[in-house]
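*Asks:* These are the residues of each chain, in order.
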Amino acid sequence: MATITAGIATSHIPAMGAAFDLGKTEEDYWKPVFEGYKWVKKWVKDEKPDVVILCYNDHASSMMLDIVPTFAIGFAEEFHPADEGWGPRQVPVVPGFPELAGHIAEQLIIDEFDITIMNDIDVDHGLTVPLSLVFDKIDAWPVKVIPIAVNVTQFPTPSGNRCFCLGEAIAHAVESFPQDLNVQVWGTGGMSHQLQGLRAGLINPEFDNAFLDRLADYPSELRKITRLEYIQEAGTEGIELIMWMIMRGALGEKVEELYRFYHVPASNTAVGHMVLRPVRYGGK
Amino acid sequence: MRDRLYSLEELEKIQGTTVFNARRSREAYHLHKFCMSLMEEKNRKTFKEDERGYLDTFRMSENQKRAVLDRDFTRLIELGGNIYFLVKLSNTDGWTTVKAVSSMTAMTPDEYAAMMLAGGRQPDQS
Numbered sequence: 017m018a019t020i021t022a023g024i025a026t027s028h029i030p031a032m033g034a035a036f037d038l039g040k041t042e043e044d045y046w047k048p049v050f051e052g053y054k055w056v057k058k059w060v061k062d063e064k065p066d067v068v069i070l071c072y073n074d075h076a077s078s079m080m081l082d083i084v085p086t087f088a089i090g091f092a093e094e095f096h097p098a099d100e101g102w103g104p105r106q107v108p109v110v111p112g113f114p115e116l117a118g119h120i121a122e123q124l125i126i127d128e129f130d131i132t133i134m135n136d137i138d139v140d141h142g143l144t145v146p147l148s149l150v151f152d153k154i155d156a157w158p159v160k161v162i163p164i165a166v167n168v169t170q171f172p173t174p175s176g177n178r179c180f181c182l183g184e185a186i187a188h189a190v191e192s193f194p195q196d197l198n199v200q201v202w203g204t205g206g207m208s209h210q211l212q213g214l215r216a217g218l219i220n221p222e223f224d225n226a227f228l229d230r231l232a233d234y235p236s237e238l239r240k241i242t243r244l245e246y247i248q249e250a251g252t253e254g255i256e257l258i259m260w261m262i263m264r265g266a267l268g269e270k271v272e273e274l275y276r277f278y279h280v281p282a283s284n285t286a287v288g289h290m291v292l293r294p295v296r297y298g299g300k
Numbered sequence: 310m311r312d313r314l315y316s317l318e319e320l321e322k323i324q325g326t327t328v329f330n331a332r333r334s335r336e337a338y339h340l341h342k343f344c345m346s347l348m349e350e351k352n353r354k355t356f357k358e359d360e361r362g363y364l365d366t367f368r369m370s371e372n373q374k375r376a377v378l379d380r381d382f383t384r385l386i387e388l389g390g391n392i393y394f395l396v397k398l399s400n401t402d403g404w405t406t407v408k409a410v411s412s413m414t415a416m417t418p419d420e421y422a423a424m425m426l427a428g429g430r431q432p433d434q435s
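Line by line, the protein sequences are chains S and L. Using this note's numbering, the letters of the first sequence map in sequence onto residues 17 to 300. Using this note's numbering, the letters of the second sequence map in sequence onto residues 310 to 435.
For the record, the hints were derived by calculation from the structure and aren't laboratory data. Ideal Cβ placement from N, Cα and C applies to all residues, glycine included. Any given hint could be a false lead.
Unchecked claim - Some chain S residues close to chain L (C-beta under 10 Å, calculated; not the full set): (1) 220; (2) 285; (3) 286.
Given the sequences, and given the hints that come with them, work out the whole structure.
*Replies:* Structure representation (structure tokens):
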């Protein structure tokens, strides 16, 4: 049986990808950011996940123009890093998992989540930066990845609560897959940031830390945050935090917080990162 | 009518903020087509050689074209644009994202970068 053994939340800031790719991680500006990811890099080596269900958003790289799906699942054997205008990131091609992705898509639609199926999609920094932050520089990714793309760009986005429910449905789908697999669910993006208007540069550490404080033990409080509140409090792009709610929904009621990191700034954004273990899988 | 947790009008009242919605997305569809075309080197080159001529190959409004020529990101947002698309234009010019984003604020790029280093714009700070 496939089992969800852990959840990871992390920002997916493109400048972090650039710093990583250009070998700047030891520079004064970036060092404190990348310090925050040393723990997870070590931890994941013992965890040895087989599959990551990776919730992210495309940033007008290969989606978002002609067709705007609210939730979409990547169905291909492999996903290539997208060219975001300065050439694709020089990271390995991302291996997919059509059998499990197909099973999840079927189960989700039966469960009334009418998810869009993507047979051909290049993946941008939203997906590849988290992989680099966790698995470091590597010749081939040690996991298969099922991308779940969420519209967080064009309003209305799905609600945080809807995302949480999607996570619950993903967990049910994974548990009914017959193959023995160690599965992680990752929620990416955030934390507070706004990239447009007179209010650009918004950072709200109070909101971010309250979010981090509640993610493990009080997700029911986070489920009540409306889209309006996300935008007011965390900024127009801070609404990416709804993707963390998919991850949290997939972990079940009780979880243990294994690791937490928060840092301001990276480029225009507050960096947040957390690792959670479901109690049903050995968490305390 | 169903009850809603908040009205759509409230989204329009967030200070210094434009929420990119479906209507704006449609208004900027061809502007965004132009932005996305800049993902290819040959298009970036054609655009740089004759900006006006290249813009005229897209079904954008005259106001949108003028705002592109002026690199007026505030105006481009007013005309429906979204930053994820608009950075394709600032990238073509070799601007950092911080420079593009700061151009919409009341600050210089240096002032904006200093504000970010000091912890960003606090929610009570306009």
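*Asks:* Confirm or reject each hint.
*Replies:* Here's how the hints hold up against the structure:
1. Look at residue 220 of chain S: its Cβ gets to within about 5 Å of chain L, closer than 10 Å, so that hint holds up.
2. Proximity of residue 285 of chain S to chain L holds as hinted, the smallest CB-CB distance being about 9 Å (cut-off 10 Å).
3. The closest approach between the C-beta of residue 286 of chain S and any C-beta of chain L is roughly 7 Å, which is under the 10 Å cut-off, so the hint is satisfied.
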